[in-house]
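2 protein chains.
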Amino acid sequence: MAERLHVDASNLALFTDLYELSMLQAYQASGMSGTATFSLYFRKLPPVRRFMLACGQQHAAHLAASLRFERSALDQLATLPGFRDDFLRWLEDFRFSGDIVAMPEGTPVFANEPLLEVTAPIAEAQLLESLLMNLVHLETVLASKAVRVVLAAGRRPVMDFGMRRMHGTDAALHGVRAFQVAGLDGSSNVLAALMFNVPAQGTMAHSFIQAHGDETQAFREYAALYPGTTLLVDTWDTIDAVEKIIALHREMGDEFNIGAIRIDSGDFAALAREARMRLDAAGLKQVKIVASGGLDEYQIARLVEEGAPIDAFGVGTAMGTSADAPYLDLVYKLTLYDGEPRIKDSPGKPVLPGAKQVYRYRDDEGHILRDEITLRDEMREAKPLLVPIVRQGEALAAATLDPRLAALYARGEIERLPASVRSLEEGDAGFSVQVSEALKRLHAEALARAH
Amino acid sequence: MAERLHVDASNLALFTDLYELSMLQAYQASGMSGTATFSLYFRKLPPVRRFMLACGQQHAAHLAASLRFERSALDQLATLPGFRDDFLRWLEDFRFSGDIVAMPEGTPVFANEPLLEVTAPIAEAQLLESLLMNLVHLETVLASKAVRVVLAAGRRPVMDFGMRRMHGTDAALHGVRAFQVAGLDGSSNVLAALMFNVPAQGTMAHSFIQAHGDETQAFREYAALYPGTTLLVDTWDTIDAVEKIIALHREMGDEFNIGAIRIDSGDFAALAREARMRLDAAGLKQVKIVASGGLDEYQIARLVEEGAPIDAFGVGTAMGTSADAPYLDLVYKLTLYDGEPRIKDSPGKPVLPGAKQVYRYRDDEGHILRDEITLRDEMREAKPLLVPIVRQGEALAAATLDPRLAALYARGEIERLPASVRSLEEGDAGFSVQVSEALKRLHAEALARAH
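Line order of the protein sequences matches chains A and B.
Under the working numbering, the letters of the first sequence match residues 1 to 451, in that order.
Under the working numbering, the letters of the second sequence match residues 1 to 451, in that order.
By construction, these hints were calculated from the structure, which means they are not laboratory data.
What you were told as hints is all true, and nothing was included just to trick you.
Chain copies aren't distinguished; within one or between two, either way the pair holds.
In silico SDA-like pairs for lysine to any residue, Cα to Cα no more than 25 Å straight-line:
1) K349 / D324
2) K383 / L401
3) K44 / D324
4) K44 / A325
5) K44 / Y298
6) K285 / D240
On a predicted model such as this, the values are computed, not experimentally measured, just so you know.
Hey, can you work out the whole structure from these sequences and the hints?
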């Protein structure tokens, strides 16, 4: 009765748009089973992003390739109008038997570059659409916001405090995976921290101080229970609270052992400077200062630039909802069917036909110069970004990149991007993504035969 | 290995911020167990909202009150530093034993009005914070956006097509529940439609037409398989496609049975008018026109105002991510401890102390005039909005409002709001939310003793 309704392995195949299943039944009914290639990409960057950090696509593809219709799911489906018994039986045997290529998670990606391509009998490739999009969209949107926060913070640690206002439980869980790829240091979300093996972080809320009434007493108790803890100082008056901490240190010496103070409101730069000065003068140089409360990458960049003595940042809502760009124009488009290029011809929404590859060109020191989108079988003297992760329905070892390795890879790639691409400013970075001559010819050919 | 990681009953208690558990251990260690009241409310409306539609709070409170720490969850928690054996044993027996009052789902709500208040021993009330906020935030944000779309559409049906770009699986599931409360007619999300008993809707994607290459053949096949279906007409040229449908009707008569066409791009008003004219002239007056593709409440309001002959709308990303206001400034604040008002005193962030009630005043015809926030025990000649839903840890019958009933209630309440509150324009509606004299006095008293 009070059960929380959720998606798990038993019903994942039903987590799809109705039209995918309706089209599947039509393909099954007419015996249409040619091989299709679908391309997952976005058509344009949000105005406030200069690149996206591809995330979730390996994980999602791996998962999608293992999709099954359980008996219980088919029983539920049978209650909807329009599905025939022979189709439901056919779904019972549904297996993904195709191939998937994807960029490694943590790859900086630009408009029109496929993050992933699926090649399979059309019904199989079609069914993955809604699921792949939902999973990849979430993690890519969140990783792309988080990496900006990490860039703004420089070498200072960033912690995720966002779970309370992220969109539901799944966003708050898989967001932590995306944040990890983006280079965050930990999360306040206990379950996510345990699932993805990232440090669980956080200390005390204002309510703890309020309930005690006496701030000094609350600090004393918490420090005794959690040596090295972080004390929240802005419940009433931040500098007053810092003085109470200094007084406790004078009274108790090393018995009073705290690691940091946290400022959650007010003029962060001014408060941090005043607090630092007083802590240092009292011999508490080792006590760090953490800032949190409504922060985003712009405020963090400003604080860092001003030289505010803040050692770490806790970031919540702005990052957890990617508030300035909460969605990406991600699409999953048919580009090849039965050996022929197939595209939808919409003005201003070009679709690149065929099965494709993306090459990233670098200078001798590894700095990224430009990208080129080519046909899959064109060869270039550069490392191809799309690599096989599922072959004939079987996940390859490459499909299970550890998020920690993805984070290292992402960091290295981002450092090698032109500085204009790493900038937090709104506007076009001018990064060049070319389309190969062969792909352009195929595009013209596909347009000509589109009607 | 390819398992999708998710939140279910076995790990729900770990879906919390670390500091909640750290504070709980501190309360348990010091034996601090006074009764606390926490208030769940938002401090201000987003600039592009004139009211929020409270959603999820009854469902969430019901769920939170049944929270348990399973053995497996405690084993996981034991791997984190800082938790002591006697605390983990204490968690094993954790039961919520307190009271919860909440507004019924579907209530229009304004800044500073509690959506919900929890009264319980402080550890119990504290633990619910992160979970309640995540669940209520999601559904309230999405219902509040969706109700604007419904208002814009007038009496025309609105369908949810948003799952692919909503934030993860949980948002896409519980979003459909919120959309139902807001008055939507159905969803493309199969699993959500089955779970919440709403109509599953949707027809075909462009890929179906593209794979066939021959649009007429694709239409013929789909209509044969799904009599009364909706055909997607904008894959190449919308009016060309309409002409193909008319030709099929001439050729096959009633054998070719479709219910609607769907236009997914282009100039909706112009295309709908041209399509309507041609369909009518061909004797296909009964074929309806559905519009979808990047729509939000502003575009829908414009189309309706222009008199575009569109019979129903499919709405996706803008609604599913509440793109113009993806988060709400929702907070969960301690307001009473051990019989004393307790508040955090932040400039510009007033907290109303104590256990409270909200009264909504109406004229003789039921039109809503204004609200008043009072102390819980103040009596007024108006219906109180906060009603008990959990008493001594037991969910009451009132805790399980059916979303369909909530939708009827919401619709009635919204119709009775001043027109200025229902407006889609940006800006303050000037709706009056007063604070009672007794509550003001308690606030002054709480401020005086805050330090």
